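Chemist: Chain by chain, the residues run as shown.
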Amino acid sequence: MSSPPSLADTTRGRILFGGDYNPEQWPEETWHDDIRLMKAAGVNSVTLGVFSWARIESRPGAREFGWLDRLMDLMHSHGIGVVLATPTAAPPAWLGRLHPDTLPRDEHGQVEWWGSRQHFSHSSATYRRYAAAITEDLAARYATHPALTMWHINNEYCTHDFGDEAAEAFRGWLRAKYATLDALNEAWGTAFWGQGYDSWGEILPARRTHYLKNPAQVLDFRRFTSGQLLGCYLLERDIVRRHTPQLPVTTNFMALFAGVDGWAWAPHTDAVSVDIYPDPKDPLGGQFNAMIGDLTRSQARGPWMVMEQAAGPVNFRGVNHPKPPGLNRLLSLQSVAHGADAICYFQWRQSRQGAEKFHSGMVSHAGAEGRTYQEVKQLGAELARLGPEVTGRHRPARIAVLHDWDAWWAGEQDGRLSRLVRYEEVLRAWHRALWEAHLATDFAHPEAELGHYAMVVVPHLYLLTDTAIEGLLAYVRDGGTLVCGFHTGAADADDRIRPGGMDERLRELFGIRTVHEWWPLDAGESVALDAPESVASGAFRGTLWSEELQIRPDADVLAAYKGGELDGLPAVLRKGRAWYLSTLPEPDALRELLAGAAAGAGVRQELAGLPAGVEAVRRGDLLFLLNHGREPVRVRVPGIHHDVLTGAAVRDRIELARYDVAVLKQ
Amino acid sequence: MSSPPSLADTTRGRILFGGDYNPEQWPEETWHDDIRLMKAAGVNSVTLGVFSWARIESRPGAREFGWLDRLMDLMHSHGIGVVLATPTAAPPAWLGRLHPDTLPRDEHGQVEWWGSRQHFSHSSATYRRYAAAITEDLAARYATHPALTMWHINNEYCTHDFGDEAAEAFRGWLRAKYATLDALNEAWGTAFWGQGYDSWGEILPARRTHYLKNPAQVLDFRRFTSGQLLGCYLLERDIVRRHTPQLPVTTNFMALFAGVDGWAWAPHTDAVSVDIYPDPKDPLGGQFNAMIGDLTRSQARGPWMVMEQAAGPVNFRGVNHPKPPGLNRLLSLQSVAHGADAICYFQWRQSRQGAEKFHSGMVSHAGAEGRTYQEVKQLGAELARLGPEVTGRHRPARIAVLHDWDAWWAGEQDGRLSRLVRYEEVLRAWHRALWEAHLATDFAHPEAELGHYAMVVVPHLYLLTDTAIEGLLAYVRDGGTLVCGFHTGAADADDRIRPGGMDERLRELFGIRTVHEWWPLDAGESVALDAPESVASGAFRGTLWSEELQIRPDADVLAAYKGGELDGLPAVLRKGRAWYLSTLPEPDALRELLAGAAAGAGVRQELAGLPAGVEAVRRGDLLFLLNHGREPVRVRVPGIHHDVLTGAAVRDRIELARYDVAVLKQ
Amino acid sequence: MSSPPSLADTTRGRILFGGDYNPEQWPEETWHDDIRLMKAAGVNSVTLGVFSWARIESRPGAREFGWLDRLMDLMHSHGIGVVLATPTAAPPAWLGRLHPDTLPRDEHGQVEWWGSRQHFSHSSATYRRYAAAITEDLAARYATHPALTMWHINNEYCTHDFGDEAAEAFRGWLRAKYATLDALNEAWGTAFWGQGYDSWGEILPARRTHYLKNPAQVLDFRRFTSGQLLGCYLLERDIVRRHTPQLPVTTNFMALFAGVDGWAWAPHTDAVSVDIYPDPKDPLGGQFNAMIGDLTRSQARGPWMVMEQAAGPVNFRGVNHPKPPGLNRLLSLQSVAHGADAICYFQWRQSRQGAEKFHSGMVSHAGAEGRTYQEVKQLGAELARLGPEVTGRHRPARIAVLHDWDAWWAGEQDGRLSRLVRYEEVLRAWHRALWEAHLATDFAHPEAELGHYAMVVVPHLYLLTDTAIEGLLAYVRDGGTLVCGFHTGAADADDRIRPGGMDERLRELFGIRTVHEWWPLDAGESVALDAPESVASGAFRGTLWSEELQIRPDADVLAAYKGGELDGLPAVLRKGRAWYLSTLPEPDALRELLAGAAAGAGVRQELAGLPAGVEAVRRGDLLFLLNHGREPVRVRVPGIHHDVLTGAAVRDRIELARYDVAVLKQ
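Protein chains in written order, with UniProt numbering: chain A, 1 to 666; chain B, 1 to 666; chain C, 1 to 666.
Fair warning: there could be bad hints in the mix.
No copy is singled out in the list; a pair is fine if it fits within one copy or between any two copies.
Taking lysine-lysine and the DSSO-like style, the derived pairs with C-alpha atoms no more than 30 Å apart in a straight line are [stated by the list, open to error]:
1. K562 with K377
2. K575 with K562
3. K281 with K562
4. K281 with K377
5. K39 with K377
6. K665 with K39
7. K377 with K665
Calculated directly from the structure, the hints in this document are not laboratory data.
What you are looking at is a predicted structure, and each value in this text was computed from that prediction instead of being measured.
Turn these sequences into a full structure, and let the hints guide you.
Modeler: In structure tokens form, the structure reads like this:
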């Protein structure tokens, strides 16, 4: 018990396969049908109890565990492990009724009532007391149950609160951070618009105002909110850990959800799990899936869990598309390739009622004969075959993409230069470029140790701390290649613009003398760039942003603006191993730029000569080949391999049907 | 007095012609000018007293009836009948001030203040008490007045309330419906997201929540809201009926207004009246007008009233267009053709002040010499000629379009598969197809007796009760032709998805084995369909929706998807007399499909060989020919007729100028 | 001291050059750098103290003036004058906390909290008491300070309040206006929808309602709001005036801001100052700048101040563009040409923190070596050269554009005929036509004395008072040329539609017998017009609006509608010197129409034969030539001039680089 528990304690050589199971929505006769179908599909893990608070505690203090006892026993008797969830994401109606102080308020002061989910204030002492009590009793009751394999705390932490109790908590958080009001006034720049605070009690959450809010206040309020939610998590985690120190604890992240800082949370979980919902109709859905996998693996620093995905459509988009035949398998195996040791779903059986009755299940409304379940069954068999070959294995990458919630929060506020710049989209554009260049990629926090990477890219980190900047300087000094996107390093940790509009050390690094002005581009606008033939095919277009730079003599201009107000000015710079892109090149150009930089840094593609739409991923000693295209393709794979999924021998080449996957071993 | 009063008691062989008359907005000298112009235009009916509460009861308990006495007498002395309105749609300012509990709150808890209209909570006991009192006094005073011909209760019932008194009333409504909380929890599927209720007091209106609401709660809240408004209506209706049992009572419907279930209300009115506002610039405005007429006639089960239409522009659209010369006449005569025995307007004289000063009147701002009044005058003369020929006559139809507010409410919620699917638009697309195919059409509730129809079409009823399904099965079994649109029969009366995604009996009826997935289409997307030449010209495109179906051997595939993920799968099915369309065919194709099905069912067009844009409608022994086009046309009408409007003889053919109408009699 | 102070008391032969200076955001060592850069750039005026309330009164009653004393002394010692601002636009946080009654509420009842700026209710007695107290102490302290040159009250008055104290104030305002409730009921047309008021206490601000609000109530509430803000201004103005009767007082207008009636305010200021923020990427930004200048000069009846403009980008648009090289100079000199005697900026040094850290400064983030400051420096030198030549000089115009906030407020409400008609855009379209025709233009209130103008244009005044109409009639009678745009004169001072839809006297003036209907056009729609060759090249298109007119024999039809429902009807009329345009002609046509009318009225262009994009403006005996285009041009200027900026002699022609300016003197 000396080392903390981890995902491996639950997987034990198998890929976890299963999902959220909500049998309380069904008559008990359906449970037995469920077990039969689960066994047939190779399901080995279910998550129970998410949102079951009202079922367990139908009135204050009640404890109705009988149904859950039966389910735990049933699962155990069929050899299916249980990830047990604390039910605290959906308090019972009586809690809101008896304790209106538990209800969150939005920035306008409006209450978010019960009748949905997540109607709790992260700062409510009453909520926390009740949540702790039920968690305590749940943990005590099932700590020794043989079916229990892991704890799942709450669900998709994502709420906010701008009410009075949150205000008081915010003040406490600020006191702890700043100690003095002078320090706070300085950090928030309250001299602007005469916002100086003379007592802590004057400070408010980032409530609705007449005009633009103080950006540092908004930034701190987002930090506080993420921290308050983490506090809710830790409260429950500590309780279950006390009861079962040997079992891993997780909570399901929403990956690139703006509200929660995944880097700050991940170390507090024993297993990092994530919910992934690419749009099945997005032609780059595979890239999205890869990106979330890369990010989650980087947070986990090893194998991770797909806690939720959809076997078919979801129901939260404007138009919700099902997955065509093969796509669920493709994306699931892709996640395994990117390091997942668990492929789970929301949810096992599609609900007939409630707000998500159009969100798919592993067993859809069409039931066991439906295409969805039939494909799930096939996938289960393949995962069982793959399990011993991959679980616990490393998926290496020599490139890191820097990503930071603080920069996101500071940059994406009202009153910025361009509302068209959306952090997540810029991040995705850069990841896409690397993915399409067949370059394996990790994500990293800007203050992380980067020495083991051959190349580091910074798509767009408007805010960079001094520590991060010093880290980047050291990284390049020590031989690393750095490629940096537009409007990076403009602000410090308090969202204070750095003199010169970009940190002086970074300017020095890239060979920039002055940033005269930032020139955001309009919607649909692009700007021509002229470049030597060696870079991005000679000419390309930049989108979203441009900059009026004056460079130093030691910078090489790789591309210059052509036409427009910036005609002739430098656009893409390089000084030694440090590259700076003052615009967002269109996709092909960004891919070529990054591929060139990577080649210079000695990073090789996962496999040479891949056709478009085919992804190759190495994990352990396996090579995953994934056809994301709708047409069949032929892939060259020099040498002799065998396909772990089919057992077939593969000699130099392999055919992949549309959405098909091969997993090769030498 | 044994049979209840009806519209015929008011029309007595004439078409009612007139409108809302608000002389309190004008000096009394204008009244005499009004009378003169009314008489010249053939006006025989005015509605008095809508919104006159503050005029009658300027302070609590006051009763100022003198002005109304004078007006009633004036109308009577000029032979103009009065539809007298209860004034309860616009409480006086003092009511809200003294009794804030009478003010409605929206889902965010925000008050809707006075200063407009409809600022009353349907659930406020105080409001109801005051409304009943003034209705009582109004009815008592004018019960025996010789001008009085009909009662008009309130105006366009359309409000909501999410406040505390509404919450309490909702709980009472739910208790009456479900008796036990177990039944409610089961019907609402509260096991999902742990929403189980343990006491009635915990239940809320469908107030603002953090995420998606419980759809069954929303559905019941909409049913409740429609029912509460009906309760307001019945309260007043019962009062006036007690005073004048011989006079018909109505309230003006807004036809396809989502908030009020017209089927449930219609039986409680003695005359069904409706407000119709087609957009004058809508090239299919005539179809819209026909659709509202068909729906209202079906609710009335006989002659009905146009209570409000606009002689010129309205003022509630983004851009409000006037009616070009002839259009008001065309649409008015079209309504008569579709069964209307009353052609009334909001309002007689366009207001110079207030929120609707840009909403037209029969006398526009241009006054008596304005084109608007001149055309009104011509129309009045024609209606007088038509009256004896049409009032009380039947307008037969052999096709029924099924329409249901419950299905609308259940289907059109957040969290559905496609926000692009708008119930009203699908309904309209199907009615348009029948209208353009020159097929006379009724509307019917899905649980109605359908045996007398040769064909029944179901554009899109996501929710169908067991009773409705059994009815449809019996209808087809007994020889009826049923044509059914996409995503129909998916949910039961509680909005619970039926196993298999479509009721099993319906699947059996159409020859569907499994609905694997629903495939909603994106905005602007369409899908190709391949069909035998006999159907819809061989090939066409589907819009809005598609479905992944697996059929049984006994189903004929009339059209299959071509290309895309559903390539080769069946799209349009037929099994005997039951047709199923899993997409919304583009307009021409839907028209041809329905025309083909109707021909197979032995339904004939109203008149063969009609030019595009010309509508033929039979009512009684009259044939209305209406040219909705902007160009003159020649219409073949075999045999010899005479034109009731002009007196001219018509032999085999007739010319219609643009927007022109002929009413022929053999 | 007999004549009131004016801008000339501050300029004293120099153009004021400088801007808002917020040294409290910087360490004192930066102040000395600031002074050095100011002196180098020719800055002679700074505005201190805007938003400094919390700095001065950090807790109730505190007075911390030391920092301001030092700054005033510092400025004085370097010969830089100070415009001292009252700090009342941003109350300290403690005021809202101790006195929540000082916080404004929106129409939904939601509080606008502190944490931004302008979080005060104009009607709060508490706010006014505190604002008066600090103004008093500020004025007392600095009344005799030698640096003080002008007072600047508050900042950009723009707030609203719908709360209870505002409601009470609104009632008082209405009592003062109407004296009796009968008069109010009559003016508001409360007979419509039964809105009659029986006691003053029943009346509310224009709060959120169920449906359309009473338009006259909304109109009066907007008048009241502008008036309440003016009351706040006057409260402070009177205080500072008492201390320094010899110094001019101003507050910075936002020109075409809908919330504040500039005509009503201007007479209460000693100097009219304005904030001008054209979009640097707007190809007609120069026209916008000219328009604001023309309006402000007309309000000032002489020289005026640019109180705020941006040396680079702003931060309140969706995408915020910097100014390309030369544009800041071009627009600044253009303002001087249009009558400005002060060119000031928000702000001196770009803030590193706070909500406007992306709003530029005269010293940008790039500092003294940044392009922005370098250009500011060049401009400062040129303004110093120009000062003696222009300050106090007249910029004559023979054309007046009528503009009125009342008409704007009455016309731009919900429930109007077309939401596409935006007052400001119509006004701008007409000014653009005159500007592109090189015709010098004033603005005037519709009730102003117009006799000295050769031509008056009325782009779109939906509301016209009787006084205004009589004035226009007299103007034409006395020989003036009047060109009037669509939907003008439709309503009276109470927003009551005039019988006939246009005032009868105006119809008589233009030769209109009847306005049958208004025909607003759809988005993107235009209507063809046919015209004799002499007008607008024979044929053109109308946009936005059309009208169905019946004319009198004495009207000449200059253009008629062609095609559509109005085919053949008159579109542009002329009766003698009175023109009426019932649509908005496309830009070229409107320019030609107005140029033709102006020529007929004997108005000449500023300079003949100007190339496109070049503006010529005469002020005093200077001729400003401004190239708004991106290409160099050659301009013919007959005779011999010398260029005041360069000293060069100009003989018959001059070359202007892109964005270049020449200031010529004969």
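Chemist: What label fits K39 with K377 when the C-alpha limit is 30 Å: within, between, both, or neither?
Modeler: within (9 Å within a copy, 79 Å between copies)
Chemist: Go through the copies and call it for K562 and K377: within, between, both or neither, with a Cα cutoff of 30 Å.
Modeler: Classified as between; 28 Å across copies, 56 Å inside a copy.
Chemist: Given a CA cutoff of 30 Å, do K281 and K377 count as a within-copy pair, a between-copy pair, both, or neither?
Modeler: The answer is within: 23 Å in one copy meets 30 Å, while 56 Å across copies does not.
Chemist: Which holds for K665 with K39 at a C-alpha limit of 30 Å: within a copy, between copies, both or neither?
Modeler: within (28 Å within a copy, 75 Å between copies)
Chemist: When no copy is specified for K281 and K562, does a C-alpha distance of 30 Å or less occur within a copy, between copies, both, or neither?
Modeler: The answer is between: 18 Å across copies meets 30 Å, while 36 Å in one copy does not.
Chemist: Under a CA distance limit of 30 Å, which applies to K377 and K665: within one copy, between copies, both, or neither?
Modeler: within (24 Å within a copy, 70 Å between copies)
Chemist: Between the shortest in-copy and the shortest cross-copy C-alpha distance, which are at most 30 Å for K575 and K562: within, between, both, or neither?
Modeler: Within. Shortest intra-copy distance 21 Å satisfies the 30 Å Cα cut-off; inter-copy 55 Å does not.
Checked against the numbered hints listed earlier, the structure breaks none of them; every hint is satisfied.
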